[in-house]
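*Asks:* Chains as they are written, first to last, in this note's numbering: chain A, 1330 to 1962; chain B, 1330 to 1962.
To be clear, the hints were calculated from the coordinates, so they are not data collected in a lab.
Keep in mind that the hints are not guaranteed to be accurate.
Each pair may be met inside one copy or between any two copies, as identical chains are not told apart.
Each computed EDC-like pair below joins lysine to aspartate or glutamate, with the alpha-carbon atoms no more than 16 angstroms apart [to be verified]: (1) Lys1474 with Glu1811; (2) Lys1866 with Glu1606; (3) Lys1602 with Glu1952; (4) Lys1950 with Glu1625; (5) Lys1433 with Glu1457; (6) Lys1602 with Glu1957; (7) Lys1950 with Glu1606; (8) Lys1371 with Glu1871.
Number of protein chains: 2
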Amino acid sequence: MAESWSFLDAFEPNFRPLVVIELAKDTKEETIEWFTRRIVDKKANGGAQLLVKPLVTEDGDETIYLVGASHLRLLLGAEAVGLVKECNDNSMRTFTYSSRKTFKDFADDNHNFLTMAECQYIIKHELENLRAKDEKMIPGYPQAKLYPGKSIVRRLLTSGILVQIFPLHDREELKKLRHSWYGRVKVGYQPLDEIRCYFGETIAIYFGFLEYFTFALIPMAVIGIPYYVFAWEDYDKYVMFATFNLLWSTVILEVWKRICAIMTYRWGTLLMKRQFEEPRPGFHGVLGINAVTGREEPVYSSIKRQLRIYLVSLPFVCLCLYFSLYVMMIYFDLEEWALDYHEENKSNFSSLMLFVPSIIYAVVIEVMNRIYRYAAEFLTSWENHRLESSYQNHLVLKVLVFNFLNCFASLFYIAFVLFDMKLLRQSLATLLITSQILNQFAESLLPYWLQKRQKKRMKKHMCSLKTDVDLSLVEQVNMEKEMGTYFGTFDDYLELFLQFGYVSLFSCVYPLAAVFAVLNNFTEIYSDALKMCRVYKRPFAEPTANIGVWQLAFETMSVISVVTNCVLIGMSPQVNALFPDSKVELVLTVALVEHLLLAIKFIMAFVIPDKPRDIQIKLAKLEFESLEALKQQ
Amino acid sequence: MAESWSFLDAFEPNFRPLVVIELAKDTKEETIEWFTRRIVDKKANGGAQLLVKPLVTEDGDETIYLVGASHLRLLLGAEAVGLVKECNDNSMRTFTYSSRKTFKDFADDNHNFLTMAECQYIIKHELENLRAKDEKMIPGYPQAKLYPGKSIVRRLLTSGILVQIFPLHDREELKKLRHSWYGRVKVGYQPLDEIRCYFGETIAIYFGFLEYFTFALIPMAVIGIPYYVFAWEDYDKYVMFATFNLLWSTVILEVWKRICAIMTYRWGTLLMKRQFEEPRPGFHGVLGINAVTGREEPVYSSIKRQLRIYLVSLPFVCLCLYFSLYVMMIYFDLEEWALDYHEENKSNFSSLMLFVPSIIYAVVIEVMNRIYRYAAEFLTSWENHRLESSYQNHLVLKVLVFNFLNCFASLFYIAFVLFDMKLLRQSLATLLITSQILNQFAESLLPYWLQKRQKKRMKKHMCSLKTDVDLSLVEQVNMEKEMGTYFGTFDDYLELFLQFGYVSLFSCVYPLAAVFAVLNNFTEIYSDALKMCRVYKRPFAEPTANIGVWQLAFETMSVISVVTNCVLIGMSPQVNALFPDSKVELVLTVALVEHLLLAIKFIMAFVIPDKPRDIQIKLAKLEFESLEALKQQ
């Protein structure tokens, strides 16, 4: 069983600590013994067959355990999770232990065949798949019920015995990555392959998308600058800009799918088979038989869930939307008050006051978005979805609808009710810039500063002044376990989504939005990289092949922006001047153009293939080979 | 090798003739010998391991061969094509010979485990997969080149040595099917399962769709009747009717997917794996290496194909569209002339003359559609698509665009340029009814009559007056080989597609269209059934799980119909009367309502799951089992 792990044998050659398990302070001895035995036990006995050692801190309690695995175990685990690796003939294939010799860079003594992130993902997978056999409860905790097939780690987490599981940083690798990512002054592409090796595909794809999106915005920004510099107000130039924008936004979203396919093919995730999805940790219900697996697991009636969704969540979301509109009306009252004040006083102070309502409103929007986020998470969790994917979809839908209305309602109101293009431009600029500054501050700089301060305190406490790399394992684990947890790419994508809205919805009124977006995104890349490398715990790698539901969200936004831009152009005085006699003709023309643009958009999305030809051929080749192999059997 | 097959041993117990091969009259002896040997040869020697016997007719030439197979061979073939059958535990599973005992109704002596249509499909598949080994050409025909892996049957077909391959009818079964399908006076659902057993899934799904679509139109027809009877002209009633129609058409298309999933799950095709697609028979090119399979086969540059599509086909289609519009303008001249004539004469004859231009135009449209069809087939074939599916998609697209414009351009012109609702209603009625009558006549009654006449002649020639069932095998084969070939469901779906257009595009102007469509479809079911059973050769069964590209076509039509109906309602005098002061407001309201309806449509299509819950669970169960099995390995 678990041997003691002293301060000095940290570099014992056979055991490389990969994942840290932190148990609650008062965990019972019998529970620890049972849990570590289950981790170490042979697969045949229902164990995970991993290595585990306690980390003795100076306090003397054994609440932190390090988990590792032998090289062979990791290779078998790679087969179990279905990793896809490059072969000697440059094709990508699902790794199997028996065909290991055909893979590129494989050698029995090459412990770098699997990246550290992959090893940690394998260990996480194996730990989560540690399932109860005949245990009725967690030993020592009769209230923590188990049943055959229940994931032990999930029960330990939900009952609070397990505080957290997280993968260890590799300080050497991290230093290299930091240097090539944002340490150099040289401007260039991000080292996406290295990011993927260190943080896994989900995060690498996010940074890939962020970079791609930034570069894709540059043409819009470049075309937008002269509009500002020369104060162009001609309608034909606006129409040109808007038309370019609309087609461009379709093209970039389609091309992204292709670029994403190229990347994820290289990384192997494009070919990875979907695993069977287990219930999410928070899912609860009466013990029953799962109709799909035939196994015992909690069952929750789908009708009850539908009732919760349609009778509670839906009304709540509508109420929130109403409240958001109410706040918007208050903002317009404030705006009017500020204008009156300025009219009366005409001082420098009063002209500064003109911007105050917008700034306050931008701050309020951000605050409301964040509060609503918690409510949405609570509600979606209460809806008790069985699958993580279904939970995520419902959460994303709730958050997106609210954020969309909250951020853009005032702009729609100004544009299509007040018809005040000057105010629209001013509000758009204030909202965009304020939200960007707030985000940059709240997301990276604040946590970074907090963490710096804490680290300093900790270092003082430890009375050591070593540099980062020289930290002992104990110090490293103690420091990392206090770092914040990165909760996934949701907020980052949401920010980009709203930014895309600011840029595309009213692009013909404020061409400079793209310029601000580009500037923001260049710093965003740096601050997000900083956040990943220095602020948060290392997250577990999560294989994925695309940006998922966000693709649909961005595409929906670009459809809405066709409508808004057409209406804005139709409302411009220059276009109105073209139809002096008949407003009806004007509206009909605008409607016709809008339908044509939408049709072109859909045809373009249909005609541009989602995967480049060579990736299509490679995929067809693999499919053909597997069909042939099946025939040979 | 092939034994002689005399007139009397037609009911030899071990050989059941399934498929007929007709060779050209002057086929060389060595070719016949080589071909039949290849059919009979063991699989290991590259043969198909089937049974083949010549049919000696009274003329004495051996040009017709009957192909059959042993029971064991058919079971192995069922595994090779990946048939899905029902197990003893009521689940559907891919058939394998080793697990044959677990399948429902399986017994070593039960020769009805596979339906005759399945046996014929297996034989067709095996014949088509008979591939050249080291032959450089077809023996006796040096110009008919072969290369390793080339399908022999396809080369024989393209070089004209093989006249046709077709499956034999089962006269007993056919009689039963005819009786339960259209022989009884009783009105009821079609025996879809029996149709599927006899004709295969593609045809059964077509009849299923036809029936479903007819029943789905009934609510529209029922709601439409009072509009005609009471001559309702209130705008609110029209709005109600149109709104109902629009949402209804979305619902029926979504529900069809679910019903189709239920049917094809029961038939097993929903679970069937897609086979690797070989090049279509007509595909030609320079011999090269296929990038996917690595095999030698003709290769044709994709750029050349794109050039042919965009530089020849696209301009040709545009030219045809222009020509179709030109013909339309002639029709309107004629229409005007008829009106003038009626004004001048005011006789019964002249009022009859009013309908003549519409009828002529309807006939011209039908003729143009049919001529264009040949041009489209020629062009698409000339584009040299490698895959049958790609050929079909390009053909469908060409034909649909032209047919859509050809059939509906005049209606659009009348509605949105002439603004003549009365003429629109009259044209719609004439076009719909004329095209229905023409179709019924050209598709079934004419061929049926021709065939009846021919059969009579033949019977006289044979000097026998037996009833249908008592026909000898020789007579049956001789009769069936002269029957027309059924070229697939394309024309049938196209007819339904255009009908759907007539019903939905202008539904708010002519609510009676649905009534005519329902009436037509009830007779269409009967005439199509007659056509399948009595007019055409039995077609090979073709497993399929859905109506393919037609689903998209119908959905596109229902999107277009939202736009047309909104505009029509906006143009109605009653709605115009609601906005007496401001036409702009009217147009804006109509545009808003249209966008709302479109949004509701897309949300509905997104929210309604494509497969019913129990089918989803069954599919998930199968996927889970295969993942578990993979793990066990």
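*Asks:* Now tell me, hint by hint, if it's right for this structure.
*Replies:* Hint-by-hint comparison with the structure:
1. Proximity of lysine 1474 and glutamate 1811 under a CA criterion of 16 angstroms is satisfied in neither setting, with 30 angstroms inside one chain copy and 74 angstroms between copies.
2. Proximity of lysine 1866 to glutamate 1606 under the C-alpha cut-off of 16 angstroms is found in neither arrangement, the shortest distances being 26 angstroms within a copy and 49 angstroms between copies.
3. Taking the closest pair of Cα atoms, lysine 1602 and glutamate 1952 come within 16 angstroms of each other both inside a single copy (13 angstroms) and across two copies (11 angstroms).
4. Only between protomers do lysine 1950 and glutamate 1625 lie at most 16 angstroms apart by alpha-carbon distance; the minimum there is 14 angstroms, versus 40 angstroms within a single protomer.
5. For the identical chains of this complex, lysine 1433 and glutamate 1457 are neighbours neither inside a copy (29 angstroms) nor across copies (39 angstroms), given an alpha-carbon limit of 16 angstroms.
6. Taking the shortest alpha-carbon separations for lysine 1602 and glutamate 1957, only the inter-copy value of 13 angstroms comes in at or below 16 angstroms, while the best intra-copy value is 19 angstroms.
7. With identical chains, the CA atoms of lysine 1950 and glutamate 1606 are at most 16 angstroms apart between copies only, with a shortest distance of 12 angstroms across copies and 28 angstroms within one.
8. For a Cα distance limit of 16 angstroms, the shortest separation of lysine 1371 from glutamate 1871 qualifies neither inside one copy, at 26 angstroms, nor across copies, at 50 angstroms.
Hints 1, 2, 5, 8, counting from the list given before, are not met by this structure.
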